[in-house]
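Below are the chains, spelled out letter by letter.
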Amino acid sequence: MNIQFKKGVLELCVLVLTAKKDRYGYELVEQISQKFEIAEGTIYPLLRRLAAEGLFSTYLFESDEGPPRKYYKITDEGKKVKNELVSEWSKFAKGVQEMIEEGSDE
Amino acid sequence: MSKEVYLNELIQYLKPLPPAEQADIIAEFREHFELAEFNGRSKEEVIAKLGNPRLVAREALAQYQIRKAGKSLSLSGVIKAVIATMSLGLFNLIIVLLPFAASLALLAGVFGFALFLIVSPILLSIQHQSIMILTNEFFLMAGLVGAGLLLFIGAVKFTRLYYDLVLRYLRYCLKVIKRK
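Protein chains in written order, with our numbering: chain L, 460 to 565; chain A, 7 to 186.
Derived from the structure by calculation, the hints contain no laboratory data. Since the structure is predicted, the reported quantities are computational estimates derived from the model, not experimental observations. Be aware that one or more of the hints could be misleading.
In silico DSSO-like links for lysine-lysine, alpha-carbon gap of 27 Å or less [to be verified]: (1) L:K541 / A:K163; (2) L:K532 / A:K86; (3) L:K541 / A:K74; (4) A:K9 / L:K494; (5) A:K74 / A:K49; (6) L:K494 / L:K539; (7) A:K74 / L:K553; (8) L:K529 / A:K9; (9) A:K21 / L:K529; (10) L:K550 / L:K529; (11) L:K539 / L:K479.
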């Protein structure tokens, strides 16, 4: 998939994933790279930016299995941004879908 | 490339960041390696998928410079942020440098014109080789200087807004521009 296109959507993806439950960085990388190919290292700067913008808070959690993990927890502000992005995306996707269907009719 | 070589390379590229910020980023990548190993992924695969450390670092640097410039709003901070964003690739060089250079030149022009108005009585008296013009045309001179001062103050106020706009534009660029 187009890199530029993916980059814009990445923010939406991490917000949606963390809205469900708190996630650690590696988990987010795994979840996203299962669906499409990304340069995994660039997720971390993105997470840092969103945390700096106040969309995430972070905490360290010692797991019984494996090494300790830095968790990202979505804030109220983050949820607000997530909802905006989701509705923007839905509108966009619906528009594209309609165009595809209209196009294939001809 | 081994894990340590990758991390060392990343550390080198992250040097412009404050030590605490560097340590934070490196810790996150260490965690990534450890968890990947824990999940049975090979080091080669992990490194290949992480992407070039230089690109990862550039991304972090650009974000840091924009954030920092946003706090102090100085020309040097804004220029650093512009350079950091430009260094992400050729495409960015064009969409970042051209608008920035053009708008900065325009702003400098406004400042230059304001200063020119302020000193215009001196320039006129030099041109006429007498200071009589200052008294003869007093109201014109006062008007020129006054307009110059107003323009200067306006330009100073606008500069803050301008820095803010540049940083907004850079943030927008970081979100959408190409990475490779």
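Hint by hint, here is what the structure shows:
1. L:K541 / A:K163: violated, 35 Å
2. L:K532 / A:K86: Outside the cut-off at roughly 31 Å; violated.
3. L:K541 / A:K74: Distance of about 25 Å is within 27 Å: holds.
4. A:K9 / L:K494: Cα-Cα ~25 Å, so holds.
5. A:K74 / A:K49: violated, 35 Å
6. L:K494 / L:K539: holds, 25 Å
7. A:K74 / L:K553: violated, 38 Å
8. L:K529 / A:K9: holds, 20 Å
9. A:K21 / L:K529: Cα-Cα ~23 Å, so holds.
10. L:K550 / L:K529: Between L:K550 and L:K529 the Cα gap is close to 34 Å, so the pair fails against 27 Å, i.e. violated.
11. L:K539 / L:K479: holds, 14 Å
In this structure, the earlier hints numbered 1, 2, 5, 7 and 10 are contradicted, and the remaining ones agree with it.
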